[in-house]
Amino acid sequence: MADGQHDGERPQEDTTAAGREGGTDPVLRAENEPPPTNQRILGAEPAGYLQEPGQRPPADRAGSIARRIDEGPIPRLLVVALGMAALAYSVMFLQGLAGVIGPVFLALNFMIAAHPLHTWLVARRVHRFVAATVTGSLVLMVLGAFFFSIGWSISQLVTTLPDYADQFNELYQSVFVQLNKAGVTETAILEQLRSISPANVLNYVTPIVSNVGGLASLVLVLVTVVFFLTMDSVTINDRLDLAQRYHPRFIGALRSFAVGVRRYWVVSSVFGLIVAVLDVVALWIIGVPLALVWGILSFLTNYIPNVGFVIGLVPPALLALLAQGPAAALAVVVAYSVLNFVIQSIIMPRYTGQAVGITATLTFFSLLFWAWVLGVLGALLAVPLTLLAKALLVDADPQARWANALIASDPQTATSQDDTPEPILRRPLPRPRLQPRPALRGRAPRLRRRP
1 MADGQHDGER PQEDTTAAGR EGGTDPVLRA ENEPPPTNQR ILGAEPAGYL QEPGQRPPAD
61 RAGSIARRID EGPIPRLLVV ALGMAALAYS VMFLQGLAGV IGPVFLALNF MIAAHPLHTW
121 LVARRVHRFV AATVTGSLVL MVLGAFFFSI GWSISQLVTT LPDYADQFNE LYQSVFVQLN
181 KAGVTETAIL EQLRSISPAN VLNYVTPIVS NVGGLASLVL VLVTVVFFLT MDSVTINDRL
241 DLAQRYHPRF IGALRSFAVG VRRYWVVSSV FGLIVAVLDV VALWIIGVPL ALVWGILSFL
301 TNYIPNVGFV IGLVPPALLA LLAQGPAAAL AVVVAYSVLN FVIQSIIMPR YTGQAVGITA
361 TLTFFSLLFW AWVLGVLGAL LAVPLTLLAK ALLVDADPQA RWANALIASD PQTATSQDDT
421 PEPILRRPLP RPRLQPRPAL RGRAPRLRRR P
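Residue numbers for the sequence shown, in my numbering: 1 to 451.
To be clear, the hints were calculated from the coordinates, so they are not data collected in a lab. Hints are supplied without guarantee of correctness; some may be wrong.
Across the chosen pairs, the derived CB separations fall in these ranges [as the list claims (entries may be wrong)]:
(1) Ile74 - Leu140: 48 to 54 Å
(2) Val281 - Arg128: 42 to 48 Å
(3) Ala405 - Arg255: 19 to 25 Å
(4) Ala85 - Val175: 52 to 58 Å
(5) Asp241 - Pro75: 39 to 45 Å
(6) Tyr303 - Val342: 15 to 21 Å
(7) Pro248 - Ala88: 30 to 36 Å
(8) Ala85 - Phe146: 37 to 43 Å
(9) Phe146 - Ala389: 23 to 29 Å
(10) Tyr303 - Arg255: 21 to 27 Å
(11) Phe148 - Thr224: 16 to 22 Å
(12) Ser345 - Asp397: 30 to 36 Å
Each residue gets a CB set at the ideal place from its N, CA and C atoms; glycine is no exception.
Using the sequences plus the hints, can you model the full thing?
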């Protein structure tokens with residue numbers, strides 16, 4: 001009877017751990033199985049992994065990824081060491097190719113700065129090839145005017161100096177008088193001059209000649225790169241639009257880099273023009289000859305931080321010394337120093353940082369770093385190079401965008417962009433081929449309604 005009672009009842013399920021593990025129920029087995037290996041490595045959950053474009057990821061997702069990285073098989077110290085080694089190797093690589101990277105990047109900056117003209121002409125229904133040709137020609141004209149102005153200023157200085165030969169001799173005699181009072185005789189100076197051998201002179205002349213040759217190669221590389229960039233600028237907008245469909249963050253970072261570069265050159269040009277006008281006024285008040293020449297030289301050398309200030313100061317100070325004496329030369333040095341310090345060291349870095357989106361401190365340290373890596377062109381292109389590194393390493397990576405709070409000029413809007421992970425574009429599954437329904441033979445049965 002007892003057996004009969006148990007025949008009609010369902011057997012009790014084993015809810016113990018052993019029963020769950022050894023059971024054959026597929027539902028229970030699926031609940032106890034760990035997630036696949038690839039999901040554990042990538043930090044992806046079986047459900048809800050792909051986020052919609054406007055949907056935020058779970059709050060604990062970033063923390064879980066960080067915990068998995070910390071608990072990974074590679075120690076954090078080794079990761080940092082490998083990163084530092086890769087950075088050192090990259091710097092050595094850039095230093096080895098400084099003669100190529102500098103001119104190419106300078107030409108790219110000129111084309112980026114002039115690209116709004118190309119866009120404006122295309123919007124006025126000008127053919128793209130004609131618009132690109134006009135833009136490239138304008139860049140070449142600006143380069144030509146730059147080098148022509150430098151050459152003209154130097155030639156004016158060389159032409160004017162012979163008129164002050166008598167003043168130079170008087171200055172020479174006065175210097176020797178002061179040296180004699182200090183205990184240095186003219187005979188000792190002449191002995192030192194005779195000890196200079198032609199080999200030593202050649203050691204000083206060779207770098208100057210090499211710099212002249214480097215300037216010629218710089219001009220050649222600039223013209224060549226501008227020519228090829230002009231050809232590629234015909235379809236550059238279409239290329240960027242097509243690439244943005246697949247990598248919107250990366251292309252968006254490059255577009256923001258281009259905008260920042262244009263703003264930087266505009267700000268530098270405006271403040272350079274202000275400094276040049278004030279320098280011309282100061283030189284005119286002091287009475288230094290060729291004030292307009294020195295104003296043009298000051299404007300051109302304004303694009304070279306620190307070194308450009310010295311290059312623009314020496315010629316007018318030297319001419320003021322020969323024309324009116326040490327007092328006028330000292331007045332020129334003081335006027336240039338005050339104007340350049342106030343405008344270029346206090347006011348301009350603030351506006352430059354607001355224009356390009358980085359702090360003034362980062363601007364200064366980038367000047368030191370890129371000048372060490374690429375030389376004079378590195379100092380000239382310090383801010384654009386920093387913007388490029390920021391676009392590639394910070395703006396294009398949502399997980400690294402927190403660094404904007406440390407280097408951005410406005411920390412309130414540094415991380416205001418959408419930090420939602422970029423959706424993964426998967427290839428759609430093939431749709432099943434539908435077989436045609438066989439034709440019904442005869443009359444189809446009529447369906448009856450239920451009462």
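Note to self: Against the range 15 to 21 Å, how does the distance between the Cβ atoms of Tyr303 and Val342 compare: consistent or not?
What the structure shows: Since Tyr303 and Val342 have Cβ atoms about 19 Å apart, the given range 15 to 21 Å holds.
- Message: The hint says 52 to 58 Å between Ala85 and Val175; measuring C-beta to C-beta, is that right?
- Response: Because 54 Å falls inside the window, the suggested range holds.
Worksheet entry | Cβ distance range 39 to 45 Å for Asp241 and Pro75, holds or violated | Holds: the Cβ-Cβ distance is about 44 Å, inside 39 to 45 Å.
_Verify the CB-CB distance for Ser345 and Asp397 against the hinted window 30 to 36 Å._
holds (33 Å)
- Task: Go ahead and decide if the range 42 to 48 Å is satisfied by the Cβ distance of Val281 to Arg128.
- Result: holds (44 Å)
Check your understanding: Has the hinted range 23 to 29 Å been met by the Cβ atoms of Phe146 and Ala389?
Key -> holds (26 Å)
Does the Cβ-Cβ separation between Pro248 and Ala88 fall within 30 to 36 Å?
About 33 Å separates the Cβ atoms of Pro248 and Ala88, which means 30 to 36 Å holds.
Range hint compliance [Cβ, Ile74 to Leu140, 48 to 54 Å]: holds (51 Å)
**Request:** Can you let me know if the beta-carbon spacing of Ala85 and Phe146 is within 37 to 43 Å?
**Result:** holds (40 Å)
(message) Verify the CB-CB distance for Ala405 and Arg255 against the hinted window 19 to 25 Å.
(response) holds (22 Å)
Is it true that Phe148 and Thr224 lie within 16 to 22 Å of each other by Cβ? About 19 Å separates the Cβ atoms of Phe148 and Thr224, which means 16 to 22 Å holds.
Pairwise beta carbon distance, Tyr303 to Arg255, judged against the given window 21 to 27 Å | The hint (21 to 27 Å, Cβ to Cβ) holds, given that Tyr303 and Arg255 are roughly 24 Å apart.
Checked against the numbered hints given earlier, the structure satisfies every one of them.
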